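S.K.: Which chain is which? The protein sequence lines are D and X, in order. Quick note: my numbering has the first sequence finishing at residue 415, numbered continuously throughout. Quick note: my numbering has the second sequence finishing at residue 381, numbered continuously throughout.
To be clear, the hints were calculated from the coordinates, so they are not data collected in a lab. Some clues are possibly wrong.
[What the hints assert, rightly or not] If we take Cβ atoms under 10 Å as the criterion, some of the chain D residues that face chain X in the derived model are: (1) 286; (2) 288; (3) 289; (4) 292; (5) 304; (6) 307; (7) 309.
Treat the numbers as computed from the prediction; the structure is a model and nothing was measured. Beta carbons are placed, not taken as given, at the ideal position from N, Cα and C, and that holds for glycine.
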Amino acid sequence: MAKKETPTGAQESKKAGDQITLSRRKLINILLGSGIATTFGAVLFPIINFLIPPRIREAVQSSVVAGKVGELQPNSGKIFKFGRKPGILVMNQQGEYRAFSAVCTHLECTVQYRSDFKHIWCACHNGHFDLAGKNISGPPPRPLEAFKVDIKGEDIIVSKNL
Amino acid sequence: MPENQKQSIHTKQDASAQAGASQKGVMGWVEDRFNLGGMKSFITHKQVPLHRHSLWYYLGGMTLFFFVVQVTTGILLLFYYRPSAESAFESVQFIMTEVRFGWLIRSIHSWSANLMVAGAFLHLFSVFFMKAYRKPREMTWVSGVIMLFLAMGFGFSGYLLPWNELAFFATKVGTEIVAVVPLVGKALMEFLRGGEDVTGATLTRFFAIHVAILPAIFVSLLGFHLMVVQVQGMSVPPGVEKKEKSLRYMPFFPNFLLRDLLGWIIALGCLVAIAALFPWELGVKADPFASAPAGIKPEWYFVFMFQTLKYIPARLWIVDGEIVGVLGFGLIAAAVIFVPFIHKKTDHPKTNRIFNLIGVIAIIYIIVISAISYMSVE
Numbered sequence: 254m255a256k257k258e259t260p261t262g263a264q265e266s267k268k269a270g271d272q273i274t275l276s277r278r279k280l281i282n283i284l285l286g287s288g289i290a291t292t293f294g295a296v297l298f299p300i301i302n303f304l305i306p307p308r309i310r311e312a313v314q315s316s317v318v319a320g321k322v323g324e325l326q327p328n329s330g331k332i333f334k335f336g337r338k339p340g341i342l343v344m345n346q347q348g349e350y351r352a353f354s355a356v357c358t359h360l361e362c363t364v365q366y367r368s369d370f371k372h373i374w375c376a377c378h379n380g381h382f383d384l385a386g387k388n389i390s391g392p393p394p395r396p397l398e399a400f401k402v403d404i405k406g407e408d409i410i411v412s413k414n415l
Numbered sequence: 004m005p006e007n008q009k010q011s012i013h014t015k016q017d018a019s020a021q022a023g024a025s026q027k028g029v030m031g032w033v034e035d036r037f038n039l040g041g042m043k044s045f046i047t048h049k050q051v052p053l054h055r056h057s058l059w060y061y062l063g064g065m066t067l068f069f070f071v072v073q074v075t076t077g078i079l080l081l082f083y084y085r086p087s088a089e090s091a092f093e094s095v096q097f098i099m100t101e102v103r104f105g106w107l108i109r110s111i112h113s114w115s116a117n118l119m120v121a122g123a124f125l126h127l128f129s130v131f132f133m134k135a136y137r138k139p140r141e142m143t144w145v146s147g148v149i150m151l152f153l154a155m156g157f158g159f160s161g162y163l164l165p166w167n168e169l170a171f172f173a174t175k176v177g178t179e180i181v182a183v184v185p186l187v188g189k190a191l192m193e194f195l196r197g198g199e200d201v202t203g204a205t206l207t208r209f210f211a212i213h214v215a216i217l218p219a220i221f222v223s224l225l226g227f228h229l230m231v232v233q234v235q236g237m238s239v240p241p242g243v244e245k246k247e248k249s250l251r252y253m254p255f256f257p258n259f260l261l262r263d264l265l266g267w268i269i270a271l272g273c274l275v276a277i278a279a280l281f282p283w284e285l286g287v288k289a290d291p292f293a294s295a296p297a298g299i300k301p302e303w304y305f306v307f308m309f310q311t312l313k314y315i316p317a318r319l320w321i322v323d324g325e326i327v328g329v330l331g332f333g334l335i336a337a338a339v340i341f342v343p344f345i346h347k348k349t350d351h352p353k354t355n356r357i358f359n360l361i362g363v364i365a366i367i368y369i370i371v372i373s374a375i376s377y378m379s380v381e
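With the hints as extra help, turn the sequences into a complete structure.
M.R.: Next comes the structure, spelled out in structure tokens:
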């Protein structure tokens, strides 16, 4: 310990001796350095902010016309646009409409209706969902988000369950 | 110790002896590999002459600064800009309204472009009057003048990119003038336009020219220009050279460079202030089927040429007046490039006076003609 202390002590006393002559230069260097650093900061701040992609404001869509009555046959399905994401409209063998988000809960592939399986299937990693949207086989961890289906005249209206 | 190992130690020692005292840390690491000692001693020995015209030495650096701003803001704009007739205007609108600081970045890009061209013009005239183009600096002048023309090309091609009404018609007129050139004019115009008319094809072409072709040529010329300035040092005007036997000098590094830096910081401050207080307008989206609005004008540095073309009568003897005007400007441009080879006897006071007079007349002509054009529109 004593060995270590001596050189640092000597350095300190040397610094103290030089302080009178160095202080002005040091002060100027600090002022100049922080000025340059601030300038760089002021330039970088807008640049970094510019690069952050702005959020695209989007009207929150809670319902959409997914298709027309008569468009689907029993045991078939179609993909429709729901806002920026795909949805899937299915008519089961009994002729009832079902609608889900078509985004697979595994890795966000778009699912499809397989009439041979009589349920929804994701081609990417062989995920299976039944007609209640429940994940029944394969890697998907959660059921598909289910939507409400209403028929208004000729239109099949799909809306989010709020 | 094996013989070859001994030898390798020797060569290592030689290398470090060559590089001077071996340093530790990052600088030492670099020094051991790249021997920057030569460059370092070059920079520390380089000096800038001091005399009453020394202030003009800063103009080149100032122009360079605006170019750096152009490259930086230009790259940033590329993140959002979409070069097509359908979405160019909307993407610039998006930059200006949605992207954080987008309005500022775009405004700075437009303002800095103009200041860069202005800086280049001033730099050219100051070099012209100080006769800095005389031997051995002829090629510095040539590369500089070509860079000024390229900067004007940058301005012309960049003007169209927001795809607004004013730019659309200015580009129509500007490219139409190219068609006047005998023999190759029509082909050249179609090459520029990417077809017979100014369309989306023109926009993608101008985009490619603006962000790829011109920068590539410009940067190579700039590298050459800066290299020869470093190697040959600053030119001392002939008048000063004769009068002052013992010139005073300032070290380039760090004294001159710090003054440059101070200038750049002030320029940055002014640039941001102008860009924020007078944001560059976007205007109305171009509609190729709408009639041209009043007050179509090119960028200010083209205005004097534009106005001159208006003064030339439609028919001069047996040739079209327009052809005479366009070829005349072509000849003047060539003459400007070759000034160092036209004016060789720079030690004759008489020829110096003639060239100075030509320079003064050129400046007065540009200012007066541009002023007339601006006043006639208002």
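S.K.: When the structure is checked against the list of hints, which entries are broken? Sort them ascending.
M.R.: 1
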